[in-house]
Amino acid sequence: MTAATTPAATGIGARIRQANARMAAEDSIALRVAVAIAGVAAATAALRQGVGGGGLRLAVIVGLPAAHAISYLTRKAEGMWLKGGLAVGILIAFGVFLEAVSGIRPGVVTDVQIPLAELFLWTQLLHSLDLPSRRDLLFSLMSSLVLLAVAGVLSISMSFALHLVVWAVAGITGLVLAHQREVAVIPDRLPTTGGPDPAVRAARPIAAVLALVTVLGAFAFMLVPPAGTVRALTFPAALPSPVRVPSEGGLSNPTLGDEDPARQSDPGRPNSGKASFGYTGFSQRMDTSVRGRPDETLVMRVRASKPDFWKGQTFDTWDGRQWTLSDERFRPVRTEQPLRIPTTMGEVDGSWDELVQTFYFQRPGPNLVFAANHPRKLYFPDNAVFQLSDGTLRAGVELEEKAVYTVVSALPHATPDSLRASEPFRSTTPPGLLERYTKLDRVPERVAALARDITAGAPTAYDKVRAIEGWMAANTRYTLDIPVLPKGADAVEQFLFVDRQGFCEQIGTSLVVMLRSLGIPARLAVGYAAGERNPFTGLFEVRASDAHAWAEVWFPDVGWQGFDPTAHVPLAGLSGPRSAGAGAVSYISTHWPGVPAGLPRILFGIVGAAAVVWSVLTLVTWDRARRRRPVVSWPVAYLDRVEAEGAARGRPRRPSQTPSEYLGLLQRSVLPDPRWGRVVETVDAAAYAGAEPTEDERAHAEEVLREAAARWPAASGRR
Amino acid sequence: MTSWGGGWRVRPQKPYRTVAVMAALALALTGIGRTTGSGWAMVVVSGLVAVIVLGALWPAWLVARTEVRVRLPRDAEVGRPVDVTVEVRGPAAPVRVRLIAPAGDWIGAEAPAAGSVAITPARRGVLDHVVVEVATAAPLGLLAWGRRSTLAVPVPLEIAPRVVPWPVPTALAGAPGEVRPPHRRSGNDSVRTVREYVQGDSTRLVHWGATARRGELMVKEMDDPEGALIAVVVDLRGPDADAELAASRAAGLVQGALRARLSVLLLTHEAGGPCIGGVVSALEAGRRLARATAGPPPTGPVPPDASVVHLGAEARR
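Those protein sequences? They're chains A and B, same order as listed.
The first sequence lines up with residues 426 to 1144 when you count with the working numbering.
The second sequence lines up with residues 91 to 407 when you count with the working numbering.
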């Protein structure tokens, strides 16, 4: 008898009919509830990312659970009308999708994401109406996983975690229950003879799988490659409610309140005061004696494959106390999307590594287009972007909360050797650059003398920069609490010779001033440091306190190269994370104060120790089982062979016969041999007296059997 | 009865499509995460990897730890269902169990479990081992692993041929309607042993004393039945189908002869060589025919007064 099998279909028509044959209706309500919860978790995750309008939102929230209920009630019905209706519905949804993407330029994946997510939502909803069998439910579970993944791609915040956790619990429960049901419906089933209650039997694997998936998933998170934008396919850009800045190409920073530069051209514009996250550096001038002390407000999230400085603007004119920009002339950048950013004076165009960065504004900010150095392409929803002579960019609109743009920057392969070989005094230096960026209206003599002393042994401009950086690292201290700058005092002189403590503005300014005193072109850049990488979203979280100022030095073959005296930063920038979960432990302990800093390590330690203990116990159990295996004694094995020989000759041993009786019978009938007598004694002594046969006795017995069997072959045996 | 079967010789079973779909999804999501910078995509990938690893390896562990024991009866007949006792022990997880040889359907179980399963032997012969397959995809149903265990049987299952009626030679059976005289016993007639009654045993062989003591029907197995003797020579050399038909006819002939109270001498070839011996019951005949193999049956010694009937492949009849 063999297991019943469905006959293989032949021909395309038969195969289609077989594939669409109605399968057994699934009666498990628990399984259906699990799948429904997973579907709702995925759908609401997608809705939360702004997918779909009000109608779809209502249809999903109300319709999805209702669809599952209808599906349960109609699971045994033929439902051809329902299937037809669903097919029409899905075709309509697909048509809407095609219409939505018809205007999108080829190769732009970004704009397809939302229509695609809407299509997935409609498919999930419609498909939920017809889930009669277990296979349909599993298909629904898989499609909800795809929908969840789509929502995850769109998500930039931790709110997605809740949906993911709910889906994981429901999805794993669904998988376990589905498999339990698959075995439960086998017609023949052995009754269980013990163990826990059925409910416990069903629940225990779910809990075990969830625990193990959590642990294994955490390990996998530490191993899988990080999300990246090195080969980016999506370039998000969005402006929720674009508002023009008062003056075209001008600077606007409403977070500075009264000091908003845009108030000069539009004094009547709304003023909500200086925001706690506003930075005074994002203005037309920067007073180094004042730092606004921005708070920890999350101002933007940046998606990039590695950290960098997100530069907003630069300053070139120093008066001993504050920085200003000497040339505010701008030119509009109006090209096809993406906007091609032309190079400006001193910028070098080369085939360098691209760094794709997407900026998600979480708070209103200045209309500076932040970007890593050397922006080349800009995906910006508005076509009014202005480039200043220093190469930085300003938007023609206010950058409000939820504004999104993507920049592609070109990162030079700067190395100490390449910078040493790239002296800024060569004939290739653009006219005007040396004049503009080495100009110092006023520099205290002892500052210039200190610069000369520090760099006396440095042969190249790069070595001079490193020498000054090293001196400042050894002789000054970074702090936000500095004494008030005396009236009329030079900020650099006060920092280098009196206070010897300061923050990034003093430190960066001192480096720039000393370099300029040596004739090396340099300027001060302001923007944001990279921020903390969130390993879950893969985004750098930039807070107001990350506002930063640093020095930029010009080299002929590289262009402007950033140097940060407040921290050692490699020339080519910081490398990206090695794995998706890099930094997860510190991130968790930082942002969940209730979680002790060492808890993740403790948990990993416990899991590792449990794995070791389990392995040892398994080995011990296996070894014990191996030792317990019964060893067949020689007399028993010998008698088995004798019985086999006797049976082959028509003289099987009867259960009632003792070994000696049986051997005697064989001696008299089919295997006559006079030596059997001694064999009988040996076997009897071993079987009944426990006397272990000697080697000679064994050899003798074996010889008798072998020779008798050879002399009286089975073929000639007679009863 | 067999020993418990378990161990690590496990292998994955088709279909692989569920785990392949999950792996493809994880791969696609990795690509999406690597090209969109979405950290959540990589979180989902990590979870998927964990589910795939767990779903692919846990069943292997479960199968390795699940032990199966099968208890077989001593006798069976081709085409007649026979109850086999299957016991499963090990981790509490849904598993499927089936007998490969003799073949049976899948049955569901969750350890500890035990019960009877009916199998219908398809071939005559002696089973000195059974092959059992255990498989499971628990707990996630992504990938099934299975293990086939060959379990030795201390007391072989002897599968008798299907009984095909075959006429007893008229000279021996008597004319239709003729009542043969009661069997005459001689002083040489002796009880070899007493055993449980099985269907087909003659009622005259019931051992009433043993039956009273045991509370169930017991019958005598006799040595040297006497009376008119028929020697049935079974030659199974030749095509399989013909050989099996010959064995079936031999079973029918022997049963008919025993019903006619004839003494039956059965001449067959077994694994050990030619075999000759008397049979006194259908059960004993079934066992002899179960053990019979293709080979030259003995030519004697057959008492001169015995009627000899040759049964074999058509070409050799």
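In short, the hints are calculated from the structure, not lab data.
Glycine included, every Cβ here is placed at the ideal spot set by N, Cα and C.
You may find that some hints are simply not true.
[As the list claims (entries may be wrong)] Quick partial rundown of chain A residues pointing at chain B, CB under 10 Å, derived from the structure:
| id | residue |
| --- | --- |
| 1 | Leu516 |
| 2 | Ala525 |
| 3 | Ala574 |
| 4 | Ile581 |
| 5 | Leu664 |
| 6 | Pro665 |
| 7 | Val668 |
| 8 | Phe755 |
| 9 | Glu957 |
| 10 | Pro960 |
| 11 | Gly963 |
| 12 | Leu1042 |
| 13 | Leu1044 |
Results of checking the hints against the structure:
For the restraint placing Leu516(A) at the interface with chain B, the shortest Cβ-Cβ distance is roughly 25 Å, beyond the 10 Å limit, so the hint is violated. Taking 10 Å as the C-beta cut-off, the interface hint given for Ala525(A) is violated, the closest approach to chain B being about 19 Å. A distance limit of 10 Å between C-beta atoms decides the matter here; for Ala574(A) the minimum to chain B is near 5 Å, and the interface restraint holds. Contact between Ile581(A) and chain B, as hinted, is supported at the beta carbon level, the nearest pair being about 9 Å apart and thus within 10 Å.
For Leu664(A), the shortest C-beta to C-beta distance to chain B is roughly 20 Å, which exceeds 10 Å, and the interface hint is violated. A cut of 10 Å between beta carbons decides the hint on Pro665(A): the least distance to chain B is about 21 Å, and the hint is violated. This hint is violated: Val668(A) has a C-beta 28 Å from the nearest C-beta of chain B, more than the 10 Å allowed. For Phe755(A), the shortest C-beta to C-beta distance to chain B is roughly 30 Å, which exceeds 10 Å, and the interface hint is violated.
Residue-level restraint check for Glu957(A) is violated (minimum Cβ-Cβ distance to chain B is 13 Å; threshold 10 Å). Interface restraint check: Pro960(A) against chain B, minimum CB-CB distance 6 Å, threshold 10 Å, status holds. Checking Gly963(A) against chain B: minimum C-beta separation of about 2 Å stays under 10 Å; hint holds. A least Cβ separation of about 13 Å between Leu1042(A) and chain B goes past the 10 Å threshold, and the interface hint is therefore violated.
Nearest Cβ of chain B to the Cβ of Leu1044(A): about 13 Å, over the 10 Å cut. The hint is violated.
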